[in-house]
Structure formats: structure tokens, C-alpha cells
Amino acid sequence: MKPVCKMTQVADLIPDGATVLIAGFLGVGAPLRIIDALVAAGRKNLTLIVNDTARPDLGVGKLIAARAVKKLYASHIGTNPETQRQMLAGELDVELVPQGTLVERIRAHGFGLGGVLTKTGLGTVVAEKKRIIDINGESWLLDLPLGADFALIHAHKADYVGNLTYQYTADNFNTIMAMAGKKVIVEADEIVAVGEIAPDDVKTPGVVVDYLLESRA
Amino acid sequence: MNAKELIARRVALEIKSGTLVNLGIGLPTWVANFIPEGVSVTLDSENGLVGMGGKPPSGLENWNLTDAGASPVTALPGAAAFDSSVSFGLIRGGHLDVTVLGGLQVDSEGHLANWMVPGKMVPGMGGAMDLLNGARRVIIAMQHTAQGAPKIVKKCTFPLTSIRVVDLIVTELAVIQPSAAGLVLLEYAPGVSVADIRQATEAPLIVSENVREMKLVQNEVPVV
Chain C
1 MKPVCKMTQV ADLIPDGATV LIAGFLGVGA PLRIIDALVA AGRKNLTLIV
51 NDTARPDLGV GKLIAARAVK KLYASHIGTN PETQRQMLAG ELDVELVPQG
101 TLVERIRAHG FGLGGVLTKT GLGTVVAEKK RIIDINGESW LLDLPLGADF
151 ALIHAHKADY VGNLTYQYTA DNFNTIMAMA GKKVIVEADE IVAVGEIAPD
201 DVKTPGVVVD YLLESRA
Chain A
218 MNAKELIARR VALEIKSGTL VNLGIGLPTW VANFIPEGVS VTLDSENGLV
268 GMGGKPPSGL ENWNLTDAGA SPVTALPGAA AFDSSVSFGL IRGGHLDVTV
318 LGGLQVDSEG HLANWMVPGK MVPGMGGAMD LLNGARRVII AMQHTAQGAP
368 KIVKKCTFPL TSIRVVDLIV TELAVIQPSA AGLVLLEYAP GVSVADIRQA
418 TEAPLIVSEN VREMKLVQNE VPVV
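Protein chains in written order, with the working numbering: chain C, 1 to 217; chain A, 218 to 441.
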């Protein structure tokens, strides 16, 4: 059985200065209540690894607006003018990573691989300072694994041993990020009894999950 | 008809039955409204859905089922949902037939820049670099100029999205195809002359021997 964390306690798990993977795509499939708890706790100096920063009033965007972030890895910040403002003003260190490369870097970390070879980004500014590897006469860009102290996950269903399912496009980065955090904290739409999720339907095995957030009141 | 609708109606002619198609955010999304009747395509959404349908009726939205702009959509019979690793595996792995993307600049070599204006606007590349890398066919749907300035230029001044050459450029004035010799003007919009197009284009244009007026999908009402 995994510990079920109260809303009032969840932010205590994540200290200032932590590196945090947060799943979601423009807020869809994002652990919105955990994000709210971090904002309310006034967390500072976080390093975030996210697909995007949603909007200043939505999802991860709230952490940006609250100035809780010092370093950001993301593929897209176009929907959040505040992220761009902080970046252009030199207040926020942003590394933009192509979306397919970002997910594979996270996967490499979580799956115990040493890196990713891709052609995405070859010949562009994202290839600067990276190694180009020649394999049988073809050039590939080497991108290194990316993991974190914490992964914050949104599941559709969780059972009490931490097995997870996802719904439609709310899966996005969740399945992969759940493998790449030292501590994995899950906010589910619904927590169900053990046995209610059939083994074949489990997308994230509960063995990688550390905490569940209590159900919405 | 405004510029965006004209571009979408022309791009829609490029969409063939039986293909898997990804439409970028903004103008490219409009193309779905004009896919000709009888053409059956499967739409890919990079946030993890193949078989994307139109908007659900009001009140039936599921916020776990959205397009790449986070607007609620439907999943058609036969649809499949998956994580971002699978989604970009489809894109990078050569399983996607066509992508339609917007652009900030395209140059005489057919290179696209569409993810940042240094010092001013940094939306990020999102999935664009992977789409350029992996899609079998890349169509750029964009307005011909931005505040009067040409977007089809000799050499991109903004950072490139990819060194891959795009396959077709569709604007409200013209259809242009990159080639080893340079950009080839294939079609002009109704009422637009080749001189008008040259005036609005910084890159040199080779006028095709078979240059002709642009055809447009004539669907009366958007179907989605």
C-alpha cells in the first residue's frame, strides 16, 4: 500500500531548490492540485522539466507566475507570455528542447540508458555544444538523459498499490516521467481498490510510485 | 474570403485519402474544415491521439481528450491514444504522411524558421523540429508577408527549425515549391499576377512553365 498524502502535506515532500518533472500538455493531464499546493507553499528556486508552461493562470504557468522557478527545460513556452518575459529579461534560465527529444531524454534516464541519438535538431541552434556521432556515415545528435528528484504525475485511475491508468490525451508525458523521478507523487482523478485495475490495463506499474495524493474532497 | 481561409482551402487539396495527417496549431488547423467530401484522412494530434474528430457538442467535453492546442475534441471510432514517446515515435519514425505547419520565414533553399524571433518572441519549437525531421511531406501554410515584410526570403535570419527542405509553401498569393535550382512558382491566387507575387517575395522565383491559377476546395460549409 502506498501512503496517501493530504493536500495540506503534499508540498512538504518537495523542498525549495528541488528538480521536478511535471507532466501535462497545456495543463491537460497535469497534476493541477499538487501544483497549486507548491504555489501556496511559496516554493522557490525549483528546476522544472515540463513540456510547456501552459498559461500564467493554468498548471505549471502558476509556478512561473509565482517566481518559483530558476531553471526550466521545456519544448514550448508560446502560450505563456510571462515565461517568455522572464526568459528575455534574464530572470529565468530556459533550455528549449524539441518535444520528441525531451520525452526521449526523460525516458533514457528512467529506463537506464546513456543517451538518445536523433536527427531532430541537427544543423540548428539546438545542436550547438552537443556531440555529433557518426554511425556508418550518418550523423546523429547525442542528447543526454534527463531525470529529477521528483516526478509529479496525473493519472486517471490509481489503485492503492500505485498502479496507474491514463485517459486519452491526458497520458502525454505521464507514463514516461513516472519512470524518471527519484520520488513519484501521483494525483489521480480517482483512487480505486486494489484489483479494480486489470493487470493488462496498467500503464505505470505501482512499483515506481511513492505517494498518492488524497482524492478531491 | 480572407487570406487564412484561402490558404486553408488550397492546402486541403493536398490532403489525400488514406493518409495520416498532422495539422499544426493556428492556420493549419483550419485545413480540417475544408477537406473535400469523399477524402478520408486520419488526423494525428501530437499530444497523443490518432483518429482525432471534431469538437464535441457543448456540455459533452472531456478535458482529458484535447487537441494540441488543449481544446476539447472527440476520438473517432478506431482512434488510438498513447503517450508522448509513442506520439513522437510515430512522427520521427517516418509513420506520418503529411504535416502542415505555420512559418515565420522560408528561404530560397526551402528551409523553414518558425520557432523564435531572437530577442523578441520565443515560443519554442514544441514538436516542429521532430515533425520536420520525420514527416514524409511537409507543407507550410502561412501568410505571404508579415506587416508588409516578405516572409519568403533569400536566407532565413531567424533560427532554422530544421535543415530539411520543405515540400510545398502555400500562401494567400501563391503556391511555391522548393527545388535544387531555387523556389518554383507553381500557382497564383485568383486575381493575383506574377509581378504582384515577386513584389511581395524577397527570394528569387522561377516561374514554372505550367504556372496556373490556384484551385481551391469549394465546400460551402465547414464540415468540422
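Take the hints with a grain of salt, since some may be wrong.
[Stated by the list, open to error] Below, simulated DSSO-like cross-link-like pairs (lysine-lysine); rule was C-alpha separation at most 30 Å, straight line:
1. K6(C) with K371(A)
2. K129(C) with K337(A)
3. K233(A) with K129(C)
4. K272(A) with K157(C)
5. K130(C) with K272(A)
6. K183(C) with K337(A)
7. K119(C) with K272(A)
Hints listed in this document are in silico derivations from the structure and should not be mistaken for laboratory results. Bear in mind the structure is a predicted one, so any value in this text is a computation, not a measurement.
Okay, the hints, checked on the actual structure:
1. Pair hint K6(C) plus K371(A) does not hold up; C-alpha atoms about 59 Å apart against a cutoff of 30 Å.
2. With a C-alpha separation of about 24 Å, the suggested pairing of K129(C) with K337(A) holds against the 30 Å cut-off.
3. Between K233(A) and K129(C) the CA atoms are separated by roughly 41 Å; this puts the pair beyond 30 Å, and the hint is violated.
4. At roughly 25 Å between alpha-carbon atoms, K272(A) and K157(C) fall within 30 Å of each other, so this suggested pair holds.
5. The suggested pairing of K130(C) with K272(A) is violated, with an alpha-carbon distance near 42 Å, which exceeds 30 Å.
6. Distance restraint check for K183(C) and K337(A): the Cα-Cα separation of roughly 38 Å exceeds the 30 Å cut-off, and the hinted pair is therefore not satisfied.
7. For the given pair, K119(C) sits about 35 Å from K272(A) by alpha-carbon distance, which is inconsistent with the 30 Å threshold.
Hint compliance for this structure: hints 1, 3, 5, 6 and 7 are broken, all remaining hints hold.
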